[in-house]
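Undergrad: Please build the complete structure, drawing on both the sequences and the hints.
If you read the protein sequences in the order shown, they are chains U and Y. Residue numbering for the first sequence follows numbering that gives the first Met the number 0, beginning at 0 and increasing consecutively. Residue numbering for the second sequence follows numbering that gives the first Met the number 0, beginning at 0 and increasing consecutively.
Since the hints were made in silico from the structure, they are not lab data. Note that the coordinates shown come from a computational prediction; the quantities given were computed from them, not determined experimentally. Don't take every hint at face value.
No farther apart than 20 angstroms at their CA atoms in a straight line, the calculated lysine to aspartate or glutamate pairs in the EDC-like style are these [unchecked claim]:
#1 Y:216 to Y:174
#2 Y:250 to Y:12
#3 Y:44 to Y:61
#4 Y:278 to Y:56
#5 Y:251 to U:58
#6 U:62 to Y:12
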Amino acid sequence: MFRKSKDFFYYLSLFLILFLGGISIYLAFPNKNLQVLLLAMTGFFYFLWGILHHYLNHDLIVKTVIEYALIAMLGVVIAAFALKGGSIF
Amino acid sequence: MKKKLAHLFFPHESNNFRAKILHHKILSIFIIFFISLSFLFSSFKTAYPAVLGVSSDISSQELLLLVNNERKEKGIPPLILSDKLNTAASNKATDMFEKNYWSHNSPEGTTPWFFIKETGYNYVYAGENLARGFNTAHDLLNAWMASESHRENILSPNFEDVGFAVVSGTMDGEETILVVQEFGGQKVIQNEESIFSPPEETIKGLSSLSYEIPVGKPLIEVRNLSFNISFIIISLFIFALILDLLIIRQKKIIRLRGHNMDHIFFLLLMLSLIAILNKGSIL
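TA: Shown next as structure tokens:
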């Protein structure tokens, strides 16, 4: 998985984003509105991380940007849907 | 059918070497689907609460039975259901929903003891347990018994009476079932300190907002349905990403796209949060 040493730092930063996002969402329980806000922030930081990762790898194209945005949105929307019992907003 | 499934999940010439389910168009469709479903659920819950809504199998009688069973096991006299404490619990639940707070004290600083005193119940000892988001009385009691402070209230010999309110409403943006349990004791037990101090505030008249929202049993439990749909769809995408990743690596296909591994980690976090946070809360 970590072919180059820099991959290690990329994934370390990703795990840090996901860990901090996960912990903050867990600690916000049972405030669902705050949880959704933190979910959206985690998704946004994941999107930024994806772009930065590909930019530094010199393989960033528009399709990749859209892909990270869609995956982030999909994850956030589905998780919010489940956490708020069928209502996202 | 087999061909369609292969097109959907296997990277192949037909789908430009990327599982069709991971194409931008399909991802967008799923996002729009969930947003639409959210609006549909909200409208349906309002229009047809008997079909789609939140429900709970918790009843005051069952809670009383379970609490008294716990007390009986420890040789403590059973609690008696008090109408006054039931009213106090109901008023407290209404206040919590109206002012949207999840705390023993209201944002204005009103303590639980105010709600007990305003019913005319003169206590020497008083206590309060709160819970939200539980489906069964057993799960709820287990959660209370697992917490030292809640267990102390349930097993305290100072309390003789109890009142419950099981009310549905919206709190922090979530439609939920709130359970309020008020304890009271009117006899002074010698050589023991009272568990809680009496309230300091002036007692006002009975709240005109005192009402109990009946918890109906809808045909479809919205929390379970939304949890199941979300869990299945996220798992499906994780499965598709893993399959796509394995085949691409096996066939050594080079693509200029996002990394599946990143998406898998992100969606795994979402899946874990859904699974972990789908539970009730006590206070």
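Undergrad: Next pair to validate is residue 278 of chain Y with residue 56 of chain Y; report whether the Cα-Cα distance is within 20 angstroms.
TA: OK: residue 278 of chain Y and residue 56 of chain Y at ~15 angstroms, within 20 angstroms.
Undergrad: Given the proposed pairing of residue 250 of chain Y with residue 12 of chain Y, does the C-alpha separation stay at or below 20 angstroms?
TA: This hinted pair holds, its Cα atoms lying about 12 angstroms apart.
Undergrad: Given the hinted pair residue 62 of chain U and residue 12 of chain Y, is their alpha-carbon gap at most 20 angstroms?
TA: holds, 19 angstroms
Undergrad: Could you grab the alpha-carbon distance between residue 251 of chain Y and residue 58 of chain U and see if it respects the 20 angstroms cut-off?
TA: holds, 18 angstroms
Undergrad: Between residue 44 of chain Y and residue 61 of chain Y, is the straight-line Cα distance small enough, at 20 angstroms or below?
TA: violated, 27 angstroms
Undergrad: Quickly compare the C-alpha distance for residue 216 of chain Y and residue 174 of chain Y to 20 angstroms and report which way the hint goes.
TA: holds, 14 angstroms
Checked against the numbered hints above, the structure violates only hint 3.
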